[in-house]
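The task is simple: from the sequences and hints, build the whole structure.
The sequence shown maps to residues -20 to -1, 1 to 249 in mature numbering (1 follows the signal peptide of the UniProt record, and there is no 0).
Don't read these hints as lab results, they were simulated from the structure. For every residue, glycine included, the Cβ atom is placed at its ideal position computed from N, Cα and C. Wrong hints could be hidden among the right ones.
Label pairs and their in silico Cβ distance ranges [unchecked claim]: (1) 212 <-> 168: 31 to 37 Å; (2) 129 <-> 170: 22 to 28 Å; (3) 212 <-> 144: 16 to 22 Å.
In silico DSS-like links for lysine-lysine, alpha-carbon gap of 27 Å or less [what the hints assert, rightly or not]: (4) 202 <-> 97; (5) 202 <-> 160; (6) 97 <-> 160; (7) 128 <-> 160.
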Amino acid sequence: MKKSIIITLAVTLCALTSCGKDNVSFPDAATSPADKPNAVAISAEITTELTSAKPSETTVTSVTNDTTIVSAETNNKEAQVTDTNTAQLENGTAENNTFSAGISNGNVYTSEFAGIKITIPENVHFLNSDDLNTHYIMPTRFMSEVEKETYFTGTLDASACYGEDMENVKYVDVWFFNTKLRYPDAPDITAAEFMQRNELSFSPDIEATDISAPETVELCGKSYIKASYTVFDQNHINYVRRINDDYIMSIRVSGFTPEDFESRLEAAN
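As structure tokens, then:
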């Protein structure tokens, strides 16, 4: 039930903020399997909650009264997180570890911190900073305090999700995780270990198939750990790279072939 509500709210957000220009947009729930096992990027459940729509039209089912979309308590928590993140970014720090947010400009995301640029089709765009923050905060409304503590060790730096229909949904999320905070028992976790522990760890009620063995690939002159899997008939590809002693980057992709997505990457510096 929680998973369905989260996704329904995410769809509502995207309908209001126009995640994909001239496209019907279905954003994911922002969480990874390790953040909240019952939250999955794109679920088959929403096929019964959304009807086929013309471009720029989305039909969303109502949310039950027992799930208040905006409450004073939630707003206060969101404001606190926003203020904290803003202060960290302005100071160029996150928990005293150097981190610089990337820039999303239309269909182009650039991260000088990670030295990478991602270009998606011209008729769609990455979320602006306000919508990105809302998208980032949304899943926490159904998390316990312990889950939130783990979730906030990651920063969602860019997100785009779009598609003409449920059969052609594409999304790109870029995350940065402070591994010293996320894994105090293994602060120096390698990218390969992070892939297994954070990206490919599924709860028993999630049927993941076609899970590929992690492999090392060279992209824009850097080594990434790459793996793919299928959940609810959606193919997902993850690219993981350690940026420095404190941060690991995870690029989560769905709806693209590896060749198509990798051709959209460039070195940023």
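Structure-based check of each hint:
1. 212 <-> 168: 31 to 37 Å: Taking Cβ atoms as reference, residue 212 and residue 168 lie about 34 Å apart, which means the hint holds.
2. 129 <-> 170: 22 to 28 Å: holds (23 Å)
3. 212 <-> 144: 16 to 22 Å: 18 Å Cβ-Cβ, so the 16 to 22 Å window holds.
4. 202 <-> 97: holds (13 Å)
5. 202 <-> 160: holds (22 Å)
6. 97 <-> 160: holds (26 Å)
7. 128 <-> 160: holds (16 Å)
Hint compliance for this structure: every hint is met.
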